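Undergrad: This is what each chain is made of:
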Amino acid sequence: MSLLTIDQMQINFRNKPIVENVNITARKGEWFTLIGESGSGKSITASAIGGLLPKEMWIAAGHIQFDNKDMTHLSKKEFQNLRGKEISYVFQDYQSSFTPFIKIGKQMDEMIQAHSSLTKNERKEIAFQALEDVQLPAKRVYNSYPFQLSGGQLQRASIAMAIMLNPKLLIADEPTTALDSMTAAHVLEVIANIKEKINCAILFITHDLRLARKYSDTVAVMKKGEIVETGTKTNVIHHPRHPYTKQLLSAAPTLPNKMHEVIT
Amino acid sequence: MFRQMYWTHSRTLLFILFAFFLVILTAPLLAPYDPLQINMNERLLKPSAEHFFGTDYLGRDLFSRILAGGQVTVGTSILVLGIVLLIGVPLGMFSGFVGGRFDRYLMRIIDAFLAFPDFIVAIVLSGILGPGMLNLIFAIVVAKWGSYVRLVRSTVLSEKEKDYILMAVVNGLSTFQIIRKHLLPHVVGNVFVLATLDLGKIILLIASLSYIGLGAQPPTPEWGAMLNESTPYFHTSPYLMFIPGIAIMFTVLVSNLAGDVLRDRFDVKG
Amino acid sequence: MIQVAKRFIEFIIFLLLLSFISFIFIKLAPGDPVKQMLQVDEVSVTKEQIEALREELKLHEPIYVQYWYWLKRFFEFDLGHSYITKQPVVSELLSRFPATITLTCTSLIVMILISIPLGTLSALYKNKWVDHICRLFALVGSSIPSFWLGLLFIELFAVQLGLLPSMGKGTIQHVILPSLTLGIAMSAVYVRLLRSSLLESLNEDYVKAARARGISEKRIFLFHVFRRSLIPVITIFGMSLGSLISGTVVIEVLFAYPGIGKMVVDAIIRRDYPVIQGYVLFITILIVLINIFVDICCRYLNPEIRLKGVERR
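Protein chains in written order, with my numbering: chain H, 1 to 264; chain R, 1 to 270; chain G, 1 to 313.
Mixed in with the good hints, there may be bad ones.
Result set (DSBU-like, lysine-lysine): computed pairs, CA atoms no more than 30 angstroms apart in a straight line [as the list claims (entries may be wrong)]:
no.	chain 1	residue 1	chain 2	residue 2
1	H	Lys120	H	Lys106
2	H	Lys168	G	Lys218
3	H	Lys224	H	Lys197
4	H	Lys77	G	Lys126
5	G	Lys208	H	Lys106
6	G	Lys208	H	Lys223
7	H	Lys224	H	Lys139
8	H	Lys120	G	Lys218
9	H	Lys103	H	Lys76
10	G	Lys128	H	Lys16
11	H	Lys69	H	Lys224
12	H	Lys233	H	Lys214
13	G	Lys126	H	Lys55
By construction, these hints were calculated from the structure, which means they are not laboratory data.
This structure is a prediction, so every number in the text was calculated from the model and none was measured.
Construct the entire structure; sequences and hints are all you get.
TA: This is the structure in structure tokens:
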């Protein structure tokens, strides 16, 4: 019983197809990694799911089904209700995840208000809980402006915001690419913990094979707007079939097998 | 569709706009009558075949006066701009290039000048010096020169640090050559945009000040002054009110349009 | 707070400099001030009277002594007396200033009422016909001479329709035409500014992030975009006050509206130097104060500056 099914999706940019033949199936609670170089169309695919495609792009063919709802013909209002509540996003650029001149707490509050009719205290509780789940000092962060937090803190705060309302699908578009490796590792741990806690599915987009290796359940490889290989993590990484996948794997530096097995 | 047309033909558009100004400056040669010729028998005639725009309260042909006024208004504005550029650009380039104490002091002085709105400076100066076009020119130059020095200086400063300048220095180009070949194009671009936009403002400044009584003195035909002296006759001869005003508006419009097009082409911010 | 104190000290230094410059200016002005002060209605003046006044004004003292007296009087708010009316310049200024303030404020209101809706509509409906109309208005509006617009209004409303008075002051009707003229003329520039500021904000990444959170477009626009655009717009409104004040000069003359603008033009025509000087000083101080005020407002609106203490220049 899949949560998200993308079936032969094609996305056009001003009459030219830029993403084609995309097939994705993700189940509840599954960590699905979409891997590829920059420009391969991963972010565009991710945006399409939540109805965030810019004006010049649209879904020209195929279907998206989420939680048994046909997404390709939803209205703007329906998308708006879904976003943040059932499908959440975490972006690479954490700086612009928040509006710069509004306090973080206020933005979290605003988001809960947009999707529910809880009282102020209830909303504050939810926000605080989410901040604690991502290991941030809740009161301080709630009352801060975005520029007062470090990169890692800001990214964790945006994760907190994304999971506040227990979404079924968390789309993380290169969430750690802009962070240094230690902070990145921490952020990923946080995401993994969250997934355990609320059992959401994660669509994880990255270009870094090492991350795919560490956390995924399923891996799909994207090249030039098409998915060239899909499979379980073990299959794709240890028994790649497509030449491009093999290329990617050979390009990534690996630890010798014994060490690798010890760590994972 | 309009957008596409706009971009491909923007050069032609600019050409036309600048040609417009050339026409204004030379038009008085075509004037059918002497703009200063008083003829008390033909006062306040409505527009007709003999007098395209009619005559004013002293019997002077309005059409000829408008043409002559164009030369006065626009010519003076261009003169003012020319002087401002002559002073401002070299000063700005020198200041930006040399930097140091000279630059700092100059900027302080200019900041002080620019604290006053240009209109106030112009009006007070021309007031103190007395009416007359020469004083007006001086007043406006004093009001405007600072912004050009600033603009040139900041262009020089921002380009100076860029790598292609370093390359030129490393390649052994002399300072003069660097300025001429690499900095000057940027400076000229920015200055040109500002100047074209300012042209409209200066035209309005001259017209407004002449309307108040400073600047152009009778019998000099200047559009603002013409509006001033014909005021008692507006009610009976409305063309005396409309025509000079439309002339001013139209000319400023052309200049603003040219400035906009230039700015879009050069992509200068603010 | 330190910033405000710094500004204040800068302001005092500025005042001192200003007083010095205007002192020099008055010294350089053509004509003999003594003769002009004593001249009333062509009545001839005796030599003794001239000498007496010279004594009083200490004109035979060395320059720096004269400056010292000038400075003293300056900080006592004594700016001399008008050559024409013989009244203290300060009282002339103060009696007429309220009228100009009224005009400036109403014009500002008109300006805001026009430019904010037009600028916003123009940005929201970019490239649709609404946008084109607004931009046309902006282009034409910034090309029209304000006094001509005033003349047209007078002709239409005062003369033809007899609805509103064309000169003087006293009632609200007297302020309507002048402020409408000035407001419309100035709003043209701001429609454009607001439009481009809003368009820039609408493209920002954090807007996309807010959308990804499921916030409604309406709320995004009002709270996230609009507020961001307000900061540069307010800065420019503040800086525009200079143009607004200069604009009142011409408008006051046109409408025979008795504010300080008309006062200074009359003074210029009648070569009443103390009044001219008083006006310049007054305006300068006013503008500097306004700039400081705008600065403070912007610091407040932009929390980044407020909390980090970054110098905005």
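Undergrad: For every hint, state whether the structure bears it out.
TA: Now the hints, each set against the structure:
no., hint, in the structure
1, H:Lys120 to H:Lys106, "11 angstroms, holds"
2, H:Lys168 to G:Lys218, "26 angstroms, holds"
3, H:Lys224 to H:Lys197, "35 angstroms, violated"
4, H:Lys77 to G:Lys126, "22 angstroms, holds"
5, G:Lys208 to H:Lys106, "17 angstroms, holds"
6, G:Lys208 to H:Lys223, "25 angstroms, holds"
7, H:Lys224 to H:Lys139, "45 angstroms, violated"
8, H:Lys120 to G:Lys218, "22 angstroms, holds"
9, H:Lys103 to H:Lys76, "27 angstroms, holds"
10, G:Lys128 to H:Lys16, "26 angstroms, holds"
11, H:Lys69 to H:Lys224, "28 angstroms, holds"
12, H:Lys233 to H:Lys214, "9 angstroms, holds"
13, G:Lys126 to H:Lys55, "14 angstroms, holds"
Of the hints listed earlier, those the structure fails to meet are numbers 3 and 7, in rising order.
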